[in-house]
Amino acid sequence: MGVGEAVCGGLRRVCGVAYLASRWIVRQPIWLVQSVAVTLGFFALLYAWGGRAGVSNFVIGAVVAGMWGVGINIVGQDIGWYRLMRLYDMFVATELTPTQFILGMFLSSIVFEAVTMTAYLPIALVFGAVRQLVASLAVGVAELTLAIFLGLVVAMRVSAATNVSSVTNTLSSVLQVLPPVFYPAHLLPGTVKYAVMAVPTAAAAELARQLSGLGASVPVAVPLASLNAWILSAFLVANKVVRWGMG
Amino acid sequence: MGAAVRGYAVEAEGLGKLYPNGVWGARDVNLTARYGEVAVLLGPNGAGKTTTVGMLTTLLKPSKGRARVAGYDVVRDHVEVRERVALCPQDISIDANWTPLEAVTGYLMIRGFSMGEAVNEAKYWLDVLDLWGVRHRLVRVLSGGQRKRVAVAMVLASNASVLFLDEPTAGLDVEGRYRVWRALREFVRGGKCVVMTTHDMREAQLVADQVVMIHKGVTVASGTPEELMRALPYRFKVIIKGRVDGLSASKILRLGDRVVAYARDREEALRIAGSVTASDVVIGEVDLEDAYLEVIGGGG
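Order-wise, the sequence lines are chains A and B. Quick note on this note's numbering: the first sequence kicks off at 1276 and runs consecutively. Quick note on this note's numbering: the second sequence kicks off at 3 and runs consecutively.
Hints may be right or wrong, so weigh each one.
What the hints assert, rightly or not - Non-contacting residues of chain A with respect to chain B, defined by C-beta distances greater than 12 Å in every case (computed):
no.: 1; residue: 1293
no.: 2; residue: 1367
no.: 3; residue: 1451
no.: 4; residue: 1521
Stated by the list, open to error - Partial chain B-side listing against chain A, Cβ under 7 Å, derived:
no.: 5; residue: 91
no.: 6; residue: 94
no.: 7; residue: 100
no.: 8; residue: 108
no.: 9; residue: 111
no.: 10; residue: 139
no.: 11; residue: 143
None of these hints come from the bench; they were simulated from the model. All of these numbers come straight from a predicted model, not from anything done at the bench. No residue lacks a Cβ here, since even glycine has one placed at the ideal position from N, Cα and C.
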């Protein structure tokens, strides 16, 4: 098999996974409506209380929270459900590699996030928050990678696949709304703002704020080190627990 | 994608799997299956059929023994094995948001088919399994039997050298079972191999070229259905409805108010039938179920 043929086959396999994994979005577009409505609600809330500065924080929060949700919730849940339905076993006994499988699941989830993004892209343009959008998207890629690894760990380690959703939903929503994601960390008192940087979504949002010139709550090395440590740890754990057959 | 060795499609020798909880899923499974054959792993629930399929399809790592599929070692060459097999797991559940056409097409893309090739293959096998008429309906509105056939269509369309189907007809109605059996026989006519599991003796007798009887994780007998039945010391059985005492036969199974008496030849069967006063007596030839019961020493 030539290199070209191997690459082509690999792409087809990734597309095959993405094709199947994205059917639910086509069949249940109401989830998109919900996602867009929540996004617009947060925009209204932050604009009402914070004006243009609120919108800048909204854009960062929306991207960081969105990427986190896609990685840990959608990817984790989908893989959990595939395990439960035995489709996972069916796919293992093929030429598909685990990397291609994860890429395919990721691609299908990105479709979901891309539609949600159509809600806050015009907002960023109208309210002059393009720098925040670009910065949070750049940080979001790293955060998404981490979230996918964590989602995988949950999907593989939770013994009852039906419980995956309860774990990923909680991890997703709590880390989206509780830490300083939609609000800046400098609002927190003294050492708390340092401690909270141990939370990956808070670290990602802080980095995006600093990159886009919204000011620093802690030295940039703190969120940077936190996010990198999370990615490395999650990668190592995922590498250990993800089983692609031969168990 | 030809096999490295065009010999046996599947060979397993002393295959066993010890699960982390200390339970042996399979202890000593021995089997061979050739290309152009349907091999049936036959045994009751918990016999080790699914564990065996898991090891042969590289989902599980054997704890003992060795196995080759399509000429490749299932442990050392698991990547090559995966390129040549397709698996329809037991209790497979097709995503309710897929249509049959999407399910088969998507699975074939995962196998490296282009979208065009995948749709063409899907058309053929959905038609064979009588699903073409519902190809655009969501799986969630299909019957249980149709859903099962969608899963079978997915693996048949893959054109893999060796198909593994774990109880593919469980829960299907008579017509659905016959459609699947017809499709499997058609598939092996193309020189491929099918390994399927069942605990339905009649299904094994009808569809198998080779039967491998597994009991408590061990292969207890194997051969063609005819060979396994010929190995029995009886040729006929007399089924008597009603309680019978003082019956003389080579072997007698008592099932409450039914009695099954085995006979070595037709004369003995007629003698047994003539010796009882019960009104409902049926004489028939022995079948695979009788062979199975004989091998495992079961039946009461």
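Going down the list of hints, with the structure as the test:
1. Distance to chain B contradicts residue 1293 (chain A) as a non-interface residue, since its nearest Cβ pair spans about 9 Å, not more than 12 Å.
2. Residue 1367 (chain A), annotated as away from the interface, has a beta carbon of chain B within 12 Å; the closest lies near 6 Å.
3. Taking the minimum C-beta to C-beta distance to chain B, about 25 Å, the non-interface status of residue 1451 (chain A) holds against the 12 Å cut.
4. With 12 Å as the threshold on Cβ separation, the claim that residue 1521 (chain A) sits away from chain B is violated: the shortest Cβ distance comes to roughly 5 Å.
5. Look at residue 91 (chain B): its Cβ gets to within about 4 Å of chain A, closer than 7 Å, so that hint holds up.
6. Of the supplied interface hints, the one on residue 94 (chain B) holds, with its beta-carbon coming within about 5 Å of a beta-carbon of chain A, less than 7 Å.
7. Residue-level restraint check for residue 100 (chain B) holds (minimum Cβ-Cβ distance to chain A is 5 Å; threshold 7 Å).
8. For the restraint placing residue 108 (chain B) at the interface with chain A, the shortest Cβ-Cβ distance is roughly 4 Å, inside the 7 Å limit, so the hint holds.
9. With a least beta-carbon distance of about 3 Å to chain A, the hint placing residue 111 (chain B) at the interface is held under the 7 Å criterion.
10. At about 12 Å, the closest approach between the beta carbon of residue 139 (chain B) and any beta carbon in chain A exceeds 7 Å, and the interface hint on this residue is violated.
11. Of the supplied interface hints, the one on residue 143 (chain B) is violated, with its beta-carbon coming no nearer than about 12 Å to a beta-carbon of chain A, more than 7 Å.
Of the numbered hints given earlier, the model fails hints 1, 2, 4, 10 and 11; all others are met.
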